[in-house]
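Asks: One letter stands for each residue in the lines below.
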Amino acid sequence: MELFRLTIAEALRLLLNKEISNQELLKAVFDRIKNIDSKINAYVTITEEEAFNRLNKVSKTSGIPIAIKDNLCTKGIKTTCSSKILGNFIPPYESTVTQKLINSEYIFTGKTNLDEFAMGSSTENSGFFPTKNPWDTSRVPGGSSGGSAAAVASGMCIAALGSDTGGSIRQPAAFCGVVGLKPTYGRVSRFGLIAFASSLDQIGPITKNVEDCAILMNILSGHDINDSTCANIDVPDYTANLKNGVKGLTIGIPKEYFIEGIDKETLDAVKKAINILSEMGAEVIPISLPHTEYSIAVYYILATSEASSNLARFDGVKYGLRIDGKNLLDMYLNTKAAGFGKEVKRRILLGTYSLSSGYYDAYYKKAQAVRTLIRKDFADAFKKVDVIITPTTPTPAFKIGEKVADPLKMYLNDIFTTPVNLAGIPAISIPCGFSKEGLPIGLQIIGRDFDEETLLRTSYTFEHATEHHKRIPSI
Amino acid sequence: MGISDSDVAHIEALSMLRLESDEAELFKGQLNDILLYIDKLNELDTSDIEPTSHVIPLTNVFREDVLVTMSLSQDEALKNAPDASKGFYRVPKIIE
Chain A
1 MELFRLTIAE ALRLLLNKEI SNQELLKAVF DRIKNIDSKI NAYVTITEEE
51 AFNRLNKVSK TSGIPIAIKD NLCTKGIKTT CSSKILGNFI PPYESTVTQK
101 LINSEYIFTG KTNLDEFAMG SSTENSGFFP TKNPWDTSRV PGGSSGGSAA
151 AVASGMCIAA LGSDTGGSIR QPAAFCGVVG LKPTYGRVSR FGLIAFASSL
201 DQIGPITKNV EDCAILMNIL SGHDINDSTC ANIDVPDYTA NLKNGVKGLT
251 IGIPKEYFIE GIDKETLDAV KKAINILSEM GAEVIPISLP HTEYSIAVYY
301 ILATSEASSN LARFDGVKYG LRIDGKNLLD MYLNTKAAGF GKEVKRRILL
351 GTYSLSSGYY DAYYKKAQAV RTLIRKDFAD AFKKVDVIIT PTTPTPAFKI
401 GEKVADPLKM YLNDIFTTPV NLAGIPAISI PCGFSKEGLP IGLQIIGRDF
451 DEETLLRTSY TFEHATEHHK RIPSI
Chain B
1 MGISDSDVAH IEALSMLRLE SDEAELFKGQ LNDILLYIDK LNELDTSDIE
51 PTSHVIPLTN VFREDVLVTM SLSQDEALKN APDASKGFYR VPKIIE
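Residue numbers (this note's numbering), protein chains in the order written: chain A, 1 to 475; chain B, 1 to 96.
Hints listed in this document are in silico derivations from the structure and should not be mistaken for laboratory results. On a predicted model such as this, the values are computed, not experimentally measured, just so you know. Any given hint could turn out to be false.
To be verified - Keeping only pairs whose Cα atoms sit at most 30 Å apart, straight-line, the calculated DSBU-like set for lysine-lysine is:
{"id": "1", "chain 1": "A", "residue 1": "470", "chain 2": "A", "residue 2": "272"}
{"id": "2", "chain 1": "B", "residue 1": "79", "chain 2": "A", "residue 2": "75"}
{"id": "3", "chain 1": "A", "residue 1": "60", "chain 2": "A", "residue 2": "27"}
{"id": "4", "chain 1": "A", "residue 1": "78", "chain 2": "B", "residue 2": "79"}
Please put together the full structure from these sequences, using the hints given.
Replies: So this is what it looks like as structure tokens:
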């Protein structure tokens with residue numbers, strides 16, 4: 001048995017029955033990392049020594065190895081955001097989500113690679129090195145949580161945490177053939193998440209199957225006094241209703257997501273998935289989300305505006321890199337010039353422009369008004385349907401280098417995921433098929449505010465009617 | 001409305017970034033492409049639309065002004081500082 005292939009649920013059962021030990025499990029995962037991470041480059045930091053030390057302090061029936069995206073602060077463990085400007089940053093505190101995992105006796109395998117400050121869709125913008133897709137190492141794993149998704153898909157952890165600002169959990173999950181959930185804005189505390197765009201960022205799980213996603217959501221969700229945007233709303237047991245099926249459920253299919261230019265194999269796989277859910281008792285109806293086509297424009301104004309403000313703190317004074325200069329201003333300029341990569345600078349400039357005097361109304365305020373229209377599209381749709389189904393991405397994983405020269409082309413890859421962040425609602429990506437070339441295809445299921453339960457139930461029903469999630473990359 | 005060299009220089013200064021000369025030229029072109037794309041928002045009349053401020057209903061939460069959660073000690077707060085001295089962050093001299 002290849003222990004690194006286990007899911008959380010399987011591993012917990014084997015540990016409980018004493019069929020495996022948590023030492024064996026952790027060793028299997030670190031052996032796997034040693035064997036293949038040189039080909040994938042999923043990890044920025046591997047914390048093997050800390051992991052085995054911590055394992056000695058947990059119960060024999062726990063100790064699931066989990067990978068953490070490197071934009072989540074882990075006390076005493078280097079947290080870089082895959083940026084040179086934070087290359088030596090060691091957080092003096094623990095983020096809420098990682099503290100919750102520690103409390104539940106999960107063991108951190110290490111910190112995974114991302115696009116610098118989570119700005120990107122391919123992990124090529126990492127300040128250190130790109131991560132490769134385990135299904136085809138000439139392709140990107142998606143981004144920005146590309147390291148986490150690639151690590152889950154290739155068995156270099158049992159599960160992982162990611163963060164999603166415009167698709168950064170769902171798109172890499174789709175590209176790597178795993179499950180990724182972006183919870184409702186406010187469902188999971190962001191205390192300790194290094195901020196990119198504060199009105200959009202959410203933390204969520206990346207897992208091998210839907211049940212694991214529900215198990216992690218039970219741990220991660222809930223109010224936190226340290227995050228004023230975290231909602232004080234009761235958390236259900238997300239594993240309780242997984243098996244209740246989709247009879248009586250209404251699924252909306254938005255015509256704006258099934259348009260010219262979408263990869264044909266992706267469209268076919270998604271349509272097939274919808275048919276399966278329909279055969280299992282769900283009612284499927286066409287809907288319209290008329291402002292979909294504006295979401296990328298809105299997103300790239302708001303996300304960059306918020307980023308230009310959030311990233312002003314990296315100035316070489318309190319933490320991170322400092323490059324000395326002849327005076328204070330010179331020190332700031334030297335530090336940022338050396339510390340930030342091109343995509344980060346580009347987004348700071350765009351955001352600064354959108355917020356600058358004379359342009360604020362035309363860009364930032366306009367975008368927030370169109371955001372209202374996008375939210376209303378979803379609110380209207382959810383009067384008629386329980387979930388909305390779309391492709392997660394317009395194509396399967398693209399080639400490394402294919403879109404780096406053209407940022408707009410890269411941004412357009414997020415067309416189906418960004419509207420969800422703008423509306424604040426939850427969405428999941430699950431595997432729904434493979435292209436002829438053997439690349440995974442992702443199905444996105446979008447739900448109402450704080451209704452992750454229905455997303456997980458729908459996903460579980462589909463997953464158990466199909467075999468896609470059982471296929472693993474040959475690496 | 002396009003971005004000129006002087007616009008790039010203006011936002012470069014506002015952002016406290018220093019661009020290499022090839023970066024300034026590259027970004028000017030790319031930002032113009034992006035802004036041209038963003039112009040599609042002007043197809044929509046939003047004069048009667050209230051801009052979004054929060055996606056979930058948030059209200060102020062009041063509490064006594066006392067320490068209710070974790071706090072960092074001075075040593076912990078300064079530990080990551082590139083330069084610290086006598087309990088302070090130290091920066092280059094700003095008064096001539």
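Asks: Hint numbers the structure violates, sorted upward?
Replies: none
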